[in-house]
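Novice: One letter stands for each residue in the lines below.
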Amino acid sequence: MNAFQNISDTLTLANRIIKHNLRSIDTLIKVVAMPVMMLLLMVFIFGGAFQIPGVSEDEYINYVLPGILLMTIATGSAYTSLRINLDKTTGMFDRLKSMPIAKSSILGGQVVASVIFMLVSIIVVFIVGFIAGFRSDATFLEWLLLMLLILLFSLALTWISVPFGLAAESIEGASSFSYILLMLLFISSAFVPVEGMPKVVRIFAENQPMTPIIQTLRNLLDSQAVGNDLWISFGWMVLIILISYIFGLKVYRRV
Amino acid sequence: MNTTILEIKNVRKSFKDKEVLKDVNITVKKGSVYALLGANGAGKSTLLKIVTGLLNCDNGKVTIKNIDVADNPVLAQKLFSFSSQTTTVDGVLTGYENLHLIAKLRQERNPRKVAENLLDKFELTEAKDKAVSTYSGGMRRRLDLAMSLVGSPEIIFLDEPTTGLDPKSRQELWDTIKEMKSQGKTILLTTQYLEEADYLADQIGFLREGEIVANGTPDEMKRLAGADKLLLVFNNHHNTERALKLFEFYYPIKRADCEISIDLDEEIETTLTVLNALTTEKIELKTFKMITPTLDDVFMTLTKG
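Line by line, the protein sequences are chains A and B. Under numbering that gives the first Met the number 0, the first residue of the first sequence carries the number 0, and numbering increases by one thereafter. Under numbering that gives the first Met the number 0, the first residue of the second sequence carries the number 0, and numbering increases by one thereafter.
Chain B with its partners taken away, still in its complex shape:
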């Protein structure tokens, strides 16, 4: 579990005058999920292209199980698969033909069987003989993921896998990624959403303007962005002032005339204590809600630092 499978070392890349990647270093452990978090244009896709051997870097190197990707692309490529942002499936071919094609190219001994099994696993058997151009977005993404599993790669690279998916398809995809992990696959995915990285990843790397500005576990990252907050809204000044006094211990912040917020270190416990206290003290509450730090908050914190 603790062996390094992928190592990205001092990778730099410039397009003409623009420096897209500035000395990127990432280590991914075997069997873990690594999320590369960053906004549009941060350099995520460029980094993935270098890691998968589609693009050469100006400096540094990428090794997968000690195989240098730039020196030995085909050998390294046997160990991974790559799904790009655009969901690259062949629209003219059927779902079965897409899988069969990849299985043949990956030297599977029985491409037919590999294709049939994956169709079954991803619930595409019913649509297997239909042209992929008639598939829904979610089905295309499932097929794309099924294609990534052909040849039993050890690492799976997913470039923004949930972008453009509806909530239901997104949850399905998340479940699939978790399942892949439980089967021992190593996954490196890029995302723009903190929520997604939080849910899926063991390690998060925050890429901003071509630099890893922070990395760590999801909890470490969230601490960086500040804790979740509980927002309380009251009907009048009187109640607001009483609550401020009552919760002194939590260092409440007055955000507006009748609004206060409290930092939550222990989410459920603090929330319950606060709400119970309000009931016993008979302080009437208009509404309350939780505020989770967003990617923007992480951005703000990191730019401030």
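Looking at chain A on its own, in the form it has when it is part of the complex:
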């Protein structure tokens, strides 16, 4: 089993999952259309009502876009979990595992397809954002750092969805964890500043992983100093990937 075959098997299997995503209207609506609608809703309907200190009404789209990006990835992860669960319950994993292929490519294909699909949806959201008035002062290096952060976040949420998808008994159960992710987004600085939240909620909001990631993205797009938030974000994401990777493989061996 050489490395070349391993990569080729992974890509072949990733291609299969991408076809699944593209042929499912439901997936396309929820993962691509929903975040776009959310962005437009936030900017053109809620935006006028929110008064955020230091942010003018026109600039609200700049404020809210990072949160929408994370939301896009979070909804995408629900479908990763769902596809993994489907392959488990329909016996597809067994068929693939009984074939002479690199066994890591079975889960690997799912992970690669998930990250690619998340990145494509992110690009769509960015394009709509630009049309709706989003502007950025970020330098090339800042854009690069931003891309790295988004890639890492996609990878983190993909790996979180692996154990959930593998362990769940049904499709309904598989994607339920993504609601927790969306909740975390709402209880963060994604849409409104944490300063206005009740004390207990605020302490939680300031110390959960979503807030530093959003702050870093926001500052990068605004070409501002990122400070410690960058390292805290990286720390969280590496930790999440590590834990869910170990846990995911453990569940995978039992399936």
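You may find that some hints are simply not true.
[What the hints assert, rightly or not] Examples of chain A residues toward chain B, derived with CB under 7 Å:
hint, residue
1, Thr11
2, His19
3, Arg22
4, Gly90
5, Met91
6, Asp93
7, Arg94
8, Lys96
9, Ser97
10, Ile100
These are computed hints drawn from the structure, not numbers from a lab. Idealized CB from N, CA, C, for every residue including glycine.
With chain A held as given, fit chain B onto it using these hints.
Specialist: Coordinates of chain B only, in the frame set by chain A:
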């Protein structure tokens, strides 16, 4: 023809406290069809999972052409393909895409051609660009079987291949299995039906509660279950008594007031002799039928022994 291709030796498996397989031994000859016969929960699927490298056994080993499946799964897997009970085809992909995917994964040099040829062979060319979710049960099973042939495996494992199929599709599948055999493939299939094992297999292994309780050729198995019986039903007592006397030689058994049964060793010959004798003696017959031993009868015989 007489070389062993698959050897299952002293395989044991327990899930928690439950012993699912208790010391299973099976030898399959190259080019033969082996039927693993057993009821639901006998351990058939678990055994197949161990043989195909999906599950590790607690004890014993499985070798395919002297390659240990547990030690060298990928090498062994090149030699076989496995179709599970659930007909694992990808419903979202088209028939062509399903075959193309497997052909690519099995390192076929020309996956396109392999897919096209198999579609043609299994009469799926017309539906090749339709999503498999729109296929009928029989078509799905055909596609599943076509997928098993990609990569020219020497052994094909089929887990309950005809469960849930209508009689026509079942006959088609039987024909395909016979054809695969004639092309030199070795086939190990599991089934709940004695009839199926009888029709397809060279060797039958009877799995009950995780143990091979009997094995042999179909004829040997049937002898174990008792011969076919001819059931004669008469209009009245008088005729029944006359027939009993007339067929004394066959040791007839009186089953009910006007019913007698005769064991058939030579099916056609005995049946014809009996019916002819009834005509010449002018004993009027209400009806007659053949009783073939069922899996239940095999069960009964084996539990009695």
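Novice: Does the CB of arginine 22 of chain A sit less than 7 Å away from some CB of chain B?
Specialist: holds (6 Å)
Novice: Does aspartate 93 of chain A meet its interface restraint, that is, does its C-beta lie within less than 7 Å of any C-beta in chain B?
Specialist: holds (5 Å)
Novice: Close enough to count: is the Cβ of glycine 90 of chain A nearer than 7 Å to one in chain B?
Specialist: holds (4 Å)
Novice: Does histidine 19 of chain A hold up as a contact with chain B if the rule is Cβ-Cβ below 7 Å?
Specialist: holds (5 Å)
Novice: Was the hint right that threonine 11 of chain A lines chain B, CB cutoff 7 Å?
Specialist: Threonine 11 of chain A check passes; min Cβ-Cβ to chain B is 5 Å, inside 7 Å.
Novice: Using the nearest Cβ pair, does methionine 91 of chain A come within less than 7 Å of chain B?
Specialist: holds (6 Å)
Novice: Using the nearest Cβ pair, does lysine 96 of chain A come within less than 7 Å of chain B?
Specialist: Check passed: Cβ of lysine 96 of chain A comes within 6 Å of chain B, closer than 7 Å.
Novice: Any CB of chain B closer than 7 Å to the CB of serine 97 of chain A?
Specialist: holds (4 Å)
Novice: Classify the hint on arginine 94 of chain A as holds or violated, based on whether any CB of chain B lies nearer than 7 Å to its CB.
Specialist: Holds. Min distance 4 Å.
Novice: Minimum Cβ distance from isoleucine 100 of chain A to chain B below 7 Å?
Specialist: holds (5 Å)
Violation of the numbered hints given earlier is absent; every hint is satisfied by the structure.
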